[in-house]
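Generate coordinates for the entire structure from the input sequences, incorporating the hints supplied.
Residue numbers (the numbering used here), protein chains in the order written: chain A, 74 to 317; chain B, 74 to 317.
It cannot be assumed that every hint is accurate.
Treat identical chains as interchangeable: a pair holds within one or across any two.
Unchecked claim - The calculated BS3-like cross-link candidates involving lysine-lysine, where the alpha carbons are at most 25 angstroms apart (straight line), are:
id : residue 1 : residue 2
1  : Lys127    : Lys155
2  : Lys212    : Lys296
3  : Lys300    : Lys212
4  : Lys127    : Lys117
5  : Lys109    : Lys142
6  : Lys146    : Lys252
7  : Lys117    : Lys155
8  : Lys290    : Lys300
No lab work stands behind these hints: they were computed from the structure.
2 protein chains.
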Amino acid sequence: MRNIKLTVSYDGSNYFGFQIQPDKITIQSQIQKALKSLFKEDIKIFGSSRTDAKVHAQRTVCNFHLDNKIDCKNIVRALNTKLNPDIRVLEAVDVRDEFHSRIHSVGKSYRYRIYTGEIMSVFERNYAWNLCRDLDIEKMNEACKYIIGTHEFDSFKAAKGSAKTSRRTVYELKVSKDKDIVYIDIRGNGFLYNMVRIIAGTLVDVGTSKFKPSYVKDIIDAKDRTKASKTAPACGLFLMEVYY
Amino acid sequence: MRNIKLTVSYDGSNYFGFQIQPDKITIQSQIQKALKSLFKEDIKIFGSSRTDAKVHAQRTVCNFHLDNKIDCKNIVRALNTKLNPDIRVLEAVDVRDEFHSRIHSVGKSYRYRIYTGEIMSVFERNYAWNLCRDLDIEKMNEACKYIIGTHEFDSFKAAKGSAKTSRRTVYELKVSKDKDIVYIDIRGNGFLYNMVRIIAGTLVDVGTSKFKPSYVKDIIDAKDRTKASKTAPACGLFLMEVYY
Numbered sequence: 074m075r076n077i078k079l080t081v082s083y084d085g086s087n088y089f090g091f092q093i094q095p096d097k098i099t100i101q102s103q104i105q106k107a108l109k110s111l112f113k114e115d116i117k118i119f120g121s122s123r124t125d126a127k128v129h130a131q132r133t134v135c136n137f138h139l140d141n142k143i144d145c146k147n148i149v150r151a152l153n154t155k156l157n158p159d160i161r162v163l164e165a166v167d168v169r170d171e172f173h174s175r176i177h178s179v180g181k182s183y184r185y186r187i188y189t190g191e192i193m194s195v196f197e198r199n200y201a202w203n204l205c206r207d208l209d210i211e212k213m214n215e216a217c218k219y220i221i222g223t224h225e226f227d228s229f230k231a232a233k234g235s236a237k238t239s240r241r242t243v244y245e246l247k248v249s250k251d252k253d254i255v256y257i258d259i260r261g262n263g264f265l266y267n268m269v270r271i272i273a274g275t276l277v278d279v280g281t282s283k284f285k286p287s288y289v290k291d292i293i294d295a296k297d298r299t300k301a302s303k304t305a306p307a308c309g310l311f312l313m314e315v316y317y
Numbered sequence: 074m075r076n077i078k079l080t081v082s083y084d085g086s087n088y089f090g091f092q093i094q095p096d097k098i099t100i101q102s103q104i105q106k107a108l109k110s111l112f113k114e115d116i117k118i119f120g121s122s123r124t125d126a127k128v129h130a131q132r133t134v135c136n137f138h139l140d141n142k143i144d145c146k147n148i149v150r151a152l153n154t155k156l157n158p159d160i161r162v163l164e165a166v167d168v169r170d171e172f173h174s175r176i177h178s179v180g181k182s183y184r185y186r187i188y189t190g191e192i193m194s195v196f197e198r199n200y201a202w203n204l205c206r207d208l209d210i211e212k213m214n215e216a217c218k219y220i221i222g223t224h225e226f227d228s229f230k231a232a233k234g235s236a237k238t239s240r241r242t243v244y245e246l247k248v249s250k251d252k253d254i255v256y257i258d259i260r261g262n263g264f265l266y267n268m269v270r271i272i273a274g275t276l277v278d279v280g281t282s283k284f285k286p287s288y289v290k291d292i293i294d295a296k297d298r299t300k301a302s303k304t305a306p307a308c309g310l311f312l313m314e315v316y317y
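If you want it as structure tokens, here you go:
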């Protein structure tokens with residue numbers, strides 16, 4: 074039995090997230106449907122990241138077991154002919170038997186996009202939080218310093234999450250701006266449920282001067298979800314890379 | 074009677090172009106529907122540019138006559154509450170009675186986007202020609218020199234066009250690249266039907282070395298549509314600005 078690692082990109086706008094759900098169209102259901110149509114058997118894929126509805130992936134990773142000698146390049150080509158154009162397989166490689174895309178990942182990076190122009194952008198409506206007001210990037214970056222490092226991120230964890238521990242390490246977090254778009258780039262060893270979107274919501278409250286940058290330290294210390302800001306909208310979030 | 078000039082942005086992916094057509098959803102039909110819902114009367118808008126199905130507009134212009142004292146800022150706000158999020162009114166201003174958005178325009182600029190990455194981009198599927206091969210930007214820019222200036226552009230005119238003369242002036246035409254996207258930026262006093270997309274198709278044939286750059290001069294001189302390349306796909310085209 075081969076173990077195949079797939080690198081996949083998707084526009085999540087039309088999907089109920091990655092993970093398979095009864096009666097919902099998800100990324101996982103679409104890829105499994107394509108695999109079934111190709112290999113005439115039920116093949117389960119193991120995803121590295123359960124992105125929510127409307128969240129996007131620049132490059133995510135999953136794996137599956139296959140009893141077939143087909144060349145990896147042809148797996149990519151054949152799956153892409155079966156998939157809708159808003160899901161693309163970028164790469165397929167053979168990996169060792171034990172490899173599991175979620176268990177063996179050592180980190181992930183995400184980008185959160187915010188549109189700050191005065192009137193909602195027609196081209197950003199599915200790819201950014203259309204905040205339509207300006208943000209103080211300097212203050213947001215000052216707040217980032219408190220988030221970087223190893224913390225118990227209870228204040229930045231949605232109630233729905235099932236992680237055993239809330240201890241995570243954020244290696245990198247920075248805010249930048251290009252024309253009307255503000256980017257929040259974050260890299261860490263793992264993220265709790267909705268953690269990136271709650272961090273984005275909180276940084277935006279710093280950027281609009283609702284919170285002082287140093288207040289973010291108080292939020293972390295409180296270990297209380299109600300202290301942090303609202304979860305930022307799903308459509309602004311992009312899973313950029315999964316590290317092994 | 075007031076004469077209102079509207080600046081409008083739209084994602085053309087879900088529309089049959091700008092101009093009103095029976096039984097088709099177009100940008101014009103959507104804006105007129107919004108005006109009717111707002112002012113309770115049939116108001117015709119005069120467009121500067123009849124973009125084709127799936128073509129986008131960063132900033133286009135239209136105008137309409139109005140017998141109502143509503144503030145321009147409120148026209149923008151009210152229309153945007155009625156329109157789908159893929160059409161946005163950016164600005165409304167009162168203009169002199171005689172102003173007509175098409176007749177009085179003195180120039181337009183367009184951008185054509187081409188994705189050159191190996192596998193189609195999920196995020197560019199509606200906003201670029203997914204050519205998925207590399208282009209020689211230097212050669213394309215060399216070819217641009219022959220197109221810049223005043224010519225009879227018969228070779229770059231779709232049969233369907235109804236313009237009286239094919240004489241047009243291209244003021245600016247340049248090709249640039251940022252990561253996997255090639256941009257063709259063109260500005261002129263006016264464009265024939267499909268002219269920008271036929272120029273884009275022809276420049277791509279130079280970029281892939283099918284044509285030598287100097288062959289573009291022969292194409293222009295031939296005044297024969299069959300000499301130029303295929304019309305590039307609609308979804309890569311953006312009307313950027315209309316000048317007055």
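For each hint, the structure was consulted:
With identical chains, the CA atoms of Lys127 and Lys155 are at most 25 angstroms apart both within one copy (21 angstroms) and between copies (24 angstroms). Taking the shortest alpha-carbon separations for Lys212 and Lys296, only the intra-copy value of 22 angstroms comes in at or below 25 angstroms, while the best inter-copy value is 59 angstroms. For the homomeric pair Lys300 and Lys212, the shortest alpha-carbon distance inside one copy (19 angstroms) is at most 25 angstroms, but the shortest distance between copies (58 angstroms) is not. For the homomeric pair Lys127 and Lys117, the shortest alpha-carbon distance inside one copy (22 angstroms) is at most 25 angstroms, but the shortest distance between copies (37 angstroms) is not.
In the homo-oligomer, the alpha carbons of Lys109 and Lys142 lie at most 25 angstroms apart inside one protomer (16 angstroms), although the nearest pairing across protomers, at 62 angstroms, exceeds that limit. In this assembly of identical chains, the alpha carbons of Lys146 and Lys252 lie at most 25 angstroms apart only when taken from different copies (24 angstroms versus 38 angstroms within one copy). Within a single copy, Lys117 and Lys155 get their C-alpha atoms as close as 17 angstroms, which meets the 25 angstroms cut-off; across copies the closest is 44 angstroms, which misses it. With identical chains, the CA atoms of Lys290 and Lys300 are at most 25 angstroms apart within one copy only, with a shortest distance of 11 angstroms there and 67 angstroms across copies.
Checked against the numbered hints above, the structure violates none of them.
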